[in-house]
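*Asks:* Next come the chains, spelled out residue by residue.
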Amino acid sequence: MSRNTRNSSDQQLPGSVRLHALAFMLGFGCLLLIGWVAFPALLYKNTPQPLSFNHRLHTKIADDGCNSCHFFRKDGRFSGIPGIETCRACHTKVETGGDSETQLIRDYIAKTVEIPWQVYARQPDSVFFSHAAHVRSAELGCETCHGDIGQSAVSRHYEENVMTGYSRDMEESMKMDDCANCHEETKQDGASAQTDRDGCFICHK
Amino acid sequence: MISGTKAMKTKTKQTYHFGMLIDLDRCNGCGSCMVACMSENNISFRPDETDKQTSITWMRMYRISNRKPFPDTERCFLPMPCMHCEGKESGHSPCVSVCPVTATDYDRNTGIVSQIPSRCFGCRYCMVACPYHARSFNWWDPVWPKGMEQMLNPDVSVRMRGVVEKCSFCYHRYQSARDKAHLQGRPRIEESDYQTSCTEACPTGAITFGDLNNPQHRITQMVNPDRNLSGKPRNPQVFRLLEKLGTNPSVYYHSSKQWVREVSDNHIDDKGRS
Ligand code: SF4
Ligand code: SF4
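Each protein sequence line maps, in turn, to chains A and B. If you use my numbering, the first sequence closes out at 752, no skipped numbers anywhere. If you use my numbering, the second sequence closes out at 265, no skipped numbers anywhere.
Treat the hints as calculated values from the structure; they're not laboratory data. None of the values given here were measured: they were computed from a predicted structure. Cβ coordinates follow ideal geometry from the N, Cα and C atoms, glycine included. Don't take each hint at face value.
In silico lysine-lysine, BS3-like type, Cα no more than 27 Å apart, as pairs [said to hold, decoys possible]:
no. : chain 1 : residue 1 : chain 2 : residue 2
1   : A       : Lys592    : A       : Lys607
2   : A       : Lys621    : B       : Lys223
3   : B       : Lys79     : B       : Lys235
4   : B       : Lys43     : B       : Lys137
5   : B       : Lys43     : A       : Lys734
6   : B       : Lys59     : B       : Lys79
7   : B       : Lys235    : B       : Lys223
8   : B       : Lys171    : A       : Lys734
9   : A       : Lys734    : A       : Lys592
10  : A       : Lys621    : A       : Lys592
11  : A       : Lys722    : B       : Lys171
12  : A       : Lys734    : A       : Lys722
Covered stretches of chain B, as calculated for chain A (at least 3 residues, CB under 8 Å) [unchecked claim]:
no. : region
13  : 79 to 86
14  : 170 to 181
With the Cβ distance kept under 7 Å, some of the chain A side facing chain B (calculated, not the full set) [claimed, not checked]:
no. : residue
15  : Ser673
16  : Ser677
17  : Ser684
18  : Glu686
19  : Phe748
Take these sequences, add in the hints, and give me the full structure.
*Replies:* Below, the structure is given as structure tokens:
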């Protein structure tokens, strides 16, 4: 009954329908803008890296590719972010003379100061991640988790979620769900008595 | 019960079962194990640590006595970490079976009862369920004296207010041992690769740690566990605390003294009489 009544009144007022549709589309567009542009802009704090690093150039020149700067220590730990001594090993003298290199030598190598990189993939404190297990035993490539950062020519800005304090990269591809999905698919050990999935402390500390 | 049935299905897959044997004949109560544990595991402390209702320790030293008058008085020190109870069926530990959010879990590959504080929401069911008082609750956020936070162990996450914590058998050391094994392409870790902090710290060598499934490991030879009886020790001088509860602990004790062995079960004999 009531639907019929409304329909007939709508037919009598086609102009107001158009107006409603317009208002709806405008509102929809506004909300999309807020959701896609305004909210992320407010949620993520953008900071530039202290230096711009050219991965593409370095991987071509360095003797051992990625391993030249990101390597395993003897005890099985992974040395993720290289220390300033690793940079010094090649940059004792000027190599290219670019802005970044000049800055590197002047501000960091000459003063023996570590570069305060902001780590895109920094995990929360409660996470234990074994590079040895993934890179050596499971033979996964770096790009499986880190994407194509090895191909980048400049360091993009670091985006920090101001609510959680974590990096946006981590939220996008290195969440617990991302780890758990892969572990579920490959069924690593299923040792947990509670869940029959992998034991919690395989990834937690 | 559900976890118990599930657990039985995959019991055969177990590879390690880490356990600890504490020799009470050797322990002189010095407390080195407690200190080593506190610093290894970033355990927070209160301004007044004498208040044992609010202080936290994963390894607690008890002093027991035979309650006989002089000159027959005898005392014994009894260090107690978490017993890493396996339960009757693999994984039906008292604490694990009550946790509503899987913050504590039994790992069938290692026999370790893990505690993930960042997942715990502080209901404290597990503390009630644990017959050994092995668990502590964080009533406050930890505060470190200035400069001391520089000395925290990066391998162990610091706990916050409102969560429960307990001995982990230093499983971060197991993680490190596995890291090394992965790098060297070894499928298994060795006895010396993974030892807990308290084991290394004990000056009298009273603590032995190892894999109870591996007949080569010292602990297995000393305990000689009977797998058909949930790991009950065959060595008559070795015992577990509250054996009759059926919690099936992974921590064993050794004492040559009869009265000490009797205290372990509150002097209750097989017929339930004390
Ligand atoms: S000793 Fe307590 S906390 Fe440890 S496994 Fe047994 S019931 Fe759980
Ligand atoms: S206090 Fe934490 S670990 Fe214990 S039962 Fe509750 S949620 Fe689980």
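*Asks:* Hints broken by the structure, by number, lowest first?
*Replies:* 1, 2, 5, 6, 9, 10 and 18
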